[in-house]
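Asks: One letter stands for each residue in the lines below.
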Amino acid sequence: MAARSPVITGLGIVAAPGRGVGAIWDAIRGGTSGLKPLTLFASPRYGPVLTGEAPHDLIALGAPVRGSRSDQLGWLAAREAIAAAEIDFKNCAERAGVVLGCSVGGSFDSERFLTTLIKRGKMHPRPTRFHECVSVVDLVADEFGLLGPSLAVATACSSGALAIATAAEMIQAGEADVMLAGGADSLSRMTWGGFHSLLLVDAAGCRPFDAGRAGTSLGEGAGVLVLEAEESARRRGAKVLARLSGWGASCDAHHATAPHPEGAGAVAAMQAALRRAGLASSVINYVNAHGTGTRDNDLAESKALKTVFGERVPPVSSTKRFFGHALAASGAIEAVVCVEALRRQEIPPNPGFTTLDPAIGLEPVTALRSASLTHVMSNSFGFGGNNAVLIFSQPETPVLTRAPRPTPVAVTGIGVVGPGAVGVREIEPPLPAGTVMAHSCGALADAALLTPNQRRRFCRLVQMALIAARRGHAPDSAQRLAVAMGTGFGCLEEGAVFIENSISKDEQEPMPSRFPGSVHNAAAAQIAIDLGARALNSAPTAGEISFESALWQGMSQLATDEADAALVGAVDELNKYPLAIGSRWGFWNEQTRPGEGAMVASLARSEKTAAPLARVTTVRLGRYRRPFDAAREADWIAAVVDLKNVDMVLSGAKGWPALDENYTAVVTALSKRAGRTLEYQTYKQLCGEFHAASAFGFSVAVDLVRQGKRGVLLYTLSPRGAKAICCIQP
Amino acid sequence: MCGNLRAKFYELIYMDALANELKARIIESLRLQDITPGQVDDDAPLFGAGLDLDSIDALELVVMLEKYYGIVIKDIEEGRPAFRSVRALAAFVQARRTS
Chain A
110 MAARSPVITG
120 LGIVAAPGRG
130 VGAIWDAIRG
140 GTSGLKPLTL
150 FASPRYGPVL
160 TGEAPHDLIA
170 LGAPVRGSRS
180 DQLGWLAARE
190 AIAAAEIDFK
200 NCAERAGVVL
210 GCSVGGSFDS
220 ERFLTTLIKR
230 GKMHPRPTRF
240 HECVSVVDLV
250 ADEFGLLGPS
260 LAVATACSSG
270 ALAIATAAEM
280 IQAGEADVML
290 AGGADSLSRM
300 TWGGFHSLLL
310 VDAAGCRPFD
320 AGRAGTSLGE
330 GAGVLVLEAE
340 ESARRRGAKV
350 LARLSGWGAS
360 CDAHHATAPH
370 PEGAGAVAAM
380 QAALRRAGLA
390 SSVINYVNAH
400 GTGTRDNDLA
410 ESKALKTVFG
420 ERVPPVSSTK
430 RFFGHALAAS
440 GAIEAVVCVE
450 ALRRQEIPPN
460 PGFTTLDPAI
470 GLEPVTALRS
480 ASLTHVMSNS
490 FGFGGNNAVL
500 IFSQPETPVL
510 TRAPRPTPVA
520 VTGIGVVGPG
530 AVGVREIEPP
540 LPAGTVMAHS
550 CGALADAALL
560 TPNQRRRFCR
570 LVQMALIAAR
580 RGHAPDSAQR
590 LAVAMGTGFG
600 CLEEGAVFIE
610 NSISKDEQEP
620 MPSRFPGSVH
630 NAAAAQIAID
640 LGARALNSAP
650 TAGEISFESA
660 LWQGMSQLAT
670 DEADAALVGA
680 VDELNKYPLA
690 IGSRWGFWNE
700 QTRPGEGAMV
710 ASLARSEKTA
720 APLARVTTVR
730 LGRYRRPFDA
740 AREADWIAAV
750 VDLKNVDMVL
760 SGAKGWPALD
770 ENYTAVVTAL
780 SKRAGRTLEY
790 QTYKQLCGEF
800 HAASAFGFSV
810 AVDLVRQGKR
820 GVLLYTLSPR
830 GAKAICCIQP
Chain B
-5 MCGNLRAKFY
5 ELIYMDALAN
15 ELKARIIESL
25 RLQDITPGQV
35 DDDAPLFGAG
45 LDLDSIDALE
55 LVVMLEKYYG
65 IVIKDIEEGR
75 PAFRSVRALA
85 AFVQARRTS
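The listed protein sequences derive, respectively, from chains A and B.
Taking our numbering as reference, the numbering of the first sequence is continuous, increasing by one, and the terminal residue is 839.
Taking our numbering as reference, the numbering of the second sequence is continuous, increasing by one, and the terminal residue is 93.
Hints are computed from structural coordinates only; laboratory data are not their basis.
Hints are not guaranteed to be accurate.
To be verified - Listed below are the simulated DSS-like cross-link pairs for lysine-lysine, each with C-alpha atoms no more than 25 angstroms apart in a straight line:
1) B/Lys68 with A/Lys614
2) A/Lys685 with A/Lys763
3) A/Lys685 with A/Lys231
4) A/Lys685 with A/Lys614
5) A/Lys753 with A/Lys781
6) A/Lys228 with B/Lys68
7) A/Lys763 with A/Lys781
8) A/Lys199 with A/Lys348
9) A/Lys685 with A/Lys228
10) A/Lys228 with A/Lys614
11) B/Lys61 with A/Lys614
12) B/Lys68 with A/Lys145
So that you can see chain A by itself, here it is in the shape it has in the complex (with noise of 0.2 angstroms):
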């Protein structure tokens, strides 16, 4: 079956180079770099390196205060992007989402209340609040009134593009008719001081592909796409800037930070794409590459670029250097700059080339040209070998995508690591002494499952999702493996110890491994080569509903036959941090403690599959009105469920006490559509509040179901605005 590709009705960008659209294609026409010395902060290692950095005050261009640095980055894209498409939400608020990458989150903003508590003992968190990289998706979808799916996608460097991705098998799944997509993130001496530790950078100004590159170019910035079905976009009459006709994802399942030598992975997400928009390699006429300039990036991308293309590479280019790595928005700014490439019928310069490596031997563009375009193809590739390529092509080409073939869909295992006994936590410094009751998983039971290294080179948080995924692995299922792990804040503890250690030392003594293990995907990449997971692999991110955020990745690729089996869970650990800001603003009581855990679930097609555990028939998501109106939310859930089949709501309750209200109020709607009174249950009483508690919900609703009930519908509400719904059965 096949059916029409989403298209692009609309396009916002901010970065390094300029704001708007026009004013970054100026910058290309005019071969101008966005790279000038770093003014945003005072870099004491490594000084004033080319960066691309964005305007300093985005309040100044509009952007609302409420929200980090990358949030304001990320509205003010989405703001140009909406006005660009003419398009009004109030009309269709259900059926408009948004899927933003993002992996640096609101790290600037809290790396200044780090600084106030390291260096002079006082603790300011309201910087902190905004840390979550869902910040920026609760902040535009809250501003510009969307109710449709809301989350982020937290791949590190491919993030932009897998957002943009999972966006399109929204629209092709008919979760929604329009989705802002795209990418957001701001500079932070995290990033910073990571990627400088991994003499990653050149700081003479990244050269991708050149002989001479020595390393990219950090940036930020914002990239949004109006994503829209067709025949929203027809409906409505919108011009029509370009289709996505493919998109493709894959994991290198090979290491935390290298990229496979022979870019295997990235052959894999390329001819994915392909695949998927039903195009020769020979019809692309333009790849902008990933191409940051590092030596291991390029290398490895020339090879995969000549293995898809054969003798006949298209033209290709880096666009890294008027930008810099925008790392989970560069996919997304990427995406603007080949729809503006195909609008324009230009190529876009490959800046910091002069001189070809043979071991490459690839000559990118190096002057802006006309060229007639048809269909242009962007790569791009992040940490943990994570994979995502798309294909744009003029909106009149009669591009046919597949067609997902939605289906119940079969648990055949369940590994959970938690949940975690009640004990006495102490907050440790530079915070300020104290203590929390806390659900703590304590030492794990089962670490001895991993090898020494893996012990020794994984944080917490990895080893317990890689503890789950070994125990809720089947291992009879199947080859092309995919793999979507949530996580609300993902490695708080790996992260913080890096940045408390370059905030006291003024960046020197960097401690390079602990860097990658600080990205949000860290878990699901290591989960990849633990098990040689190489289909999608992705790390979504959306506060209590993450969980099923990445229970609706992983049962996209069944749908759509990307996969044949998928590890879907989530994790998330306790931390100080949390602990204390929790205990200053009054989160943690008696009611509400907080807790941490892993739950990864094997799923497979229904129908190849003979004795499952339990089947999973849906999932949905999206957001809910404020004021909390009970009745409309249990249409919502009646609309995609039959309730007859239902014996038990199971919720996020007892978790944020505001929350518990409105669940009680849908239930009891949701009892008067049925004409009986639903069972009521709730979990977080056992594992106590964290983001991916509703993975643990997951598992206690496939073990009543295997003890008899017909149906639990496992119900969660994040504090804000995001809600998911989904039924499992036997």
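Keeping the supplied structure of chain A fixed, place chain B upon it in accordance with the hints.
Replies: Same frame as chain A, but now just chain B:
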């Protein structure tokens, strides 16, 4: 002749001490568990086989060399030959310190 031999003798002792010191620092900076300096062979490969270190461990060794020996490595290629074995690393440290 005699003086030469003596110098050679002292160099050997010195290199041995440096190698032992490096082993302890490798174990410390990489947080290696269940291993003592005595168990690390001077000639065994540090990467791939042997201790089975990886490229991120190499970067951690770069930081260690700067912290304890004042040797700054800006390009990992520079350090690559030195990370073959403890003996190679000791020779590298010795050469960079005296140069």
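Asks: Hint by hint, say whether it matches the structure.
Replies: Outcome of the hint check:
| no. | hint | result |
| --- | --- | --- |
| 1 | B/Lys68 with A/Lys614 | holds (19 angstroms) |
| 2 | A/Lys685 with A/Lys763 | holds (22 angstroms) |
| 3 | A/Lys685 with A/Lys231 | holds (16 angstroms) |
| 4 | A/Lys685 with A/Lys614 | holds (20 angstroms) |
| 5 | A/Lys753 with A/Lys781 | holds (12 angstroms) |
| 6 | A/Lys228 with B/Lys68 | violated (29 angstroms) |
| 7 | A/Lys763 with A/Lys781 | holds (23 angstroms) |
| 8 | A/Lys199 with A/Lys348 | holds (19 angstroms) |
| 9 | A/Lys685 with A/Lys228 | holds (18 angstroms) |
| 10 | A/Lys228 with A/Lys614 | holds (10 angstroms) |
| 11 | B/Lys61 with A/Lys614 | holds (12 angstroms) |
| 12 | B/Lys68 with A/Lys145 | holds (21 angstroms) |
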